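K.L.:
Residue numbers (UniProt numbering): 1 to 168.
Hint data in this document are derived by calculation from the structure and do not stem from the laboratory.
Predicted, not measured: the structure shown is a model, and the values here were computed from it.
Positions of the beta carbon are idealized from the N, C-alpha and C atoms, including for glycine.
Among the clues, some could well be false.
[What the hints assert, rightly or not] What follows is a list of derived Cβ distance ranges for each label pair: (1) H145 x T59: 14 to 22 Å; (2) G36 x V164: 29 to 37 Å; (3) S34 x R139: 12 to 20 Å; (4) E13 x D88: 26 to 34 Å; (5) E94 x S4: 14 to 22 Å; (6) S112 x R16: 17 to 25 Å; (7) Y54 x N107: 12 to 20 Å; (8) E130 x Y54: 32 to 40 Å; (9) E13 x Y140: 18 to 26 Å; (10) S4 x R101: 18 to 26 Å.
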Amino acid sequence: MVASPDDEAAFCEAARRGNERRLYPLRPLRPDTSEGFRRWLGHYVGPKALLLAYTEEQTLAGSVTFTLLNEWRLNGEMAIEAFPGFEDLRLMEEAVAAAIRWAFAPNDLFASGLHRVVSLVEEETVPDTEALLRNLGFRYEGVSHSEIRTGADEWRDSRRFTLVRDES
């Protein structure tokens, strides 16, 4: 489901849990206030989308974001985040698979649907995230040097995985 202001309470609660646990200390804190959520949600306007994954019990489990990298080539970058307590690969794999189907199909954001999706994987999340991506058909393309900014003036390498619509 594409995020909306109605998701504020669930997102702020999940962000508070995540900020307390700080699974990835170099990653910036997620907004956990109403004002912060509205500002953050406003960031996903234009060639960007934030999709939220809910469990059957309507608990927010994670997010999948898409950013349009090249409009002419229909390339997009995808980022995945599982909130604390929902690191189970099966649940996030279902959510990411649904998000990819959405991104590859014509929709309000990508009129023709994306042709190619890239996902950059941070070093500390490589084993789990790599398994999830490979299960969905993503192909490893190599290392992108100094690709991910950690919030400070520090940059980290990432592993690059891609999926092309015709191969999904």
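K.L.:
Next, verify each hint and record whether it holds.
P.N.:
We went through each hint and held it up to the structure:
A beta carbon spacing of about 38 Å between H145 and T59 contradicts the range 14 to 22 Å that was offered as a hint. Remark: the range hint 29 to 37 Å for G36 to V164 is upheld by a beta-carbon distance near 36 Å. The hinted range of 12 to 20 Å is not satisfied by S34 and R139, whose Cβ atoms lie roughly 40 Å apart. Judged by the Cβ atoms, the range 26 to 34 Å given for E13 and D88 is violated: they are separated by roughly 19 Å.
Range check, E94 to S4: about 21 Å between beta-carbon atoms, so the 14 to 22 Å window is met. The given range of 17 to 25 Å is broken by S112 and R16, whose C-beta atoms sit roughly 38 Å from each other. About 19 Å separates the C-beta atoms of Y54 and N107, a value consistent with the hinted range of 12 to 20 Å. Distance hint check for E130 and Y54: the Cβ-Cβ separation is about 25 Å, which falls outside the suggested range of 32 to 40 Å.
Checked against the given bound of 18 to 26 Å, the beta carbons of E13 and Y140, roughly 35 Å apart, lie outside it. Between S4 and R101, the C-beta spacing of about 20 Å keeps the proposed range 18 to 26 Å intact.
Violated hints, in rising order: 1, 3, 4, 6, 8, 9; the structure is consistent with all others.
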